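Engineer: Work the whole structure out from these sequences, hints included.
Per full-length UniProt numbering, the sequence shown starts with residue 1, numbered consecutively.
Simulated from the structure, these hints should not be mistaken for lab results. Since we're looking at a predicted model, the values are computed, not measured. Each statement offered as a hint is correct.
Here are the simulated DSBU-like cross-link-like pairs (lysine-lysine), alpha carbons at most 35 Å apart as the crow flies:
id: 1; residue 1: Lys49; residue 2: Lys34
id: 2; residue 1: Lys47; residue 2: Lys26
id: 3; residue 1: Lys48; residue 2: Lys25
id: 4; residue 1: Lys49; residue 2: Lys30
id: 5; residue 1: Lys37; residue 2: Lys47
id: 6; residue 1: Lys43; residue 2: Lys30
id: 7; residue 1: Lys39; residue 2: Lys27
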Amino acid sequence: MKEEEEEEEEEEEEEEGEEEEEEKKKKKKKKKKKKKKKKKKKKKKKKKKKRRRRRRRRRRRRRRRRREEEEEEEEEEEEEEEEEEEEEEEEEEEEEEEEEEEEEEEEEEERRRRRRRRRRRRRRRRRRRRRRRRRRRRRRRRRRRRKLEEEPEEKGGG
1 MKEEEEEEEE EEEEEEGEEE EEEKKKKKKK KKKKKKKKKK KKKKKKKKKK
51 RRRRRRRRRR RRRRRRREEE EEEEEEEEEE EEEEEEEEEE EEEEEEEEEE
101 EEEEEEEEEE RRRRRRRRRR RRRRRRRRRR RRRRRRRRRR RRRRRRKLEE
151 EPEEKGGG
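Structural biologist: Structural data, given as structure tokens:
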């Protein structure tokens, strides 16, 4: 009886030992699995982070690039506008100068006309005066002649 009981006890102990070992193995396996899962999760997180970081960088770069391009475009547009304004101003100045020259030419032309008119008037006046003088002289001479011609007759006939 004692031996059987001892055997049974040994067997039970063995079984318990085996069960414990199995449980230990299971626990180990579970732990390992958990660890693996954790590692995987970590890896995933890292990847996500990396991706996010990359995206952010890309976005920033794009934004920066876009901003720089826009600024460049704006600057170019401003420069073009300034150039256009300068050209317009130059054109206006040229037009003003041309107008002034035309006015000066017209004034000069007007002066010439006035001079010509004055000269013509003077000449006409001179001519008229001369003619009048000549006529007067001629008339006077004629009168004198007539008088002289008529006088002796009067004296002689008187």
